[in-house]
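Trainee: Each chain, written out:
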Amino acid sequence: MRSLIYLVVGIFFGIVLFKSEAASWFRIYEMFQFRAFKMYGIIGSAVLLGIIITQLIKRNKIKSFFGEQIVIEPKENGFKRYIIGGILFGLGWALAGACPGPMYVLVGAGFLPVIVVLGAAIIGTFLYGVLKDKLPH
Amino acid sequence: MSIILEPWPWYVSGPLISLTLFVLLFLGKKFSMSSNLRTICAIGGAGKSISFFHFDWKAQRWNLIVAFGVLIGGYIAANFLTASEAVILNPTTVSDLHALGFESAGSAYLPLELFDNAIFSDMKVLSILILGGILVGFGARYAGGCTSGHAISGLSNLQLPSLIAVVGFFIGGLIMVHVLFPLIF
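Heads up: the sequence lines are chains W and L, in that order. Start counting the first sequence at 511; every next residue gets the next number (this note's numbering). Start counting the second sequence at 106; every next residue gets the next number (this note's numbering).
The following block holds chain W by itself, in its conformation from the complex:
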């Protein structure tokens, strides 16, 4: 039953990502050219509403659907890992035109070359695991 709920949430999110065009390489390019408002509107409105939702959950100590306490774990403080990791991610996001969510969407939409991107992203994740202790965090 729970699995079915997660599947439905995923399907919903996948449809939204495709239909919003946030999964389009062109939209990402346009965003980094500051030539269209659309991506800023999507991320901006998602974050604005997200702030309200997150604060309401935290302030009212809302219990989850399964009756457990909702815990939103904060990221640990730091600077280097976020800025360096972020820049590397951004370079890839603009080049491949897709972050991880859209990669799944595009494979489903039938763009087979995106399987290469997804496979490479798994390799990139693996490489981070290998090099983790040698990197500044």
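Watch out, some of these pointers could steer you wrong.
Partner residues are not named here, just some residues of chain L that face chain W (Cβ under 7 Å, in silico) [what the hints assert, rightly or not]: (1) S139; (2) A172; (3) G179; (4) I224; (5) M228; (6) T252; (7) F274.
In case anyone wonders, no lab produced these hints; they're calculated from the structure. Because the structure is a prediction, the values reported are computed rather than measured. By construction, the Cβ of each residue, glycine as well, lies at the ideal position given by its N, Cα and C atoms.
Based on the hints, put chain L in the right spot on chain W.
Mentor: Leaving out everything else, chain L in the frame of chain W:
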């Protein structure tokens, strides 16, 4: 029905992404697409030699199901909910892209120059896709999250680390598009 078949405007898409975040939080989970890449490495046995992948991946099964759903969602949206896949871009963007060699700009969902099946025999394009993928996977784990974990849920939780990461995303994206694209394409 025809409204659904058109591209969805930002003021519909953005709130629907927030709704996804809300439902996942309400289910006691988090919104994190790139974590699945780490889980896949763990399933593949990377935990035997690398401690970063040594964790109880079965506890992350729910997120793999979400990711599989996202894939199905892409299939449904592309095949049943879309009249025309062409992404309508700013005319200046179209002419810029034509100048870079992207003839499909303005008439496709993804550039055919990078994502047509013909690229499987094109070493240059394959290298570009592999490099892009590696940077996304490596960068997401290094920064501890991707667009869903940092830009959406992290900023929603008003976390400074996520703001730093998102600034990084933009620095990287701007360097790629403005400095490196003219060299690559």
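Trainee: Checking each numbered hint in turn, tell me which of them this model violates, lowest number first.
Mentor: Those not satisfied come down to hint 5.
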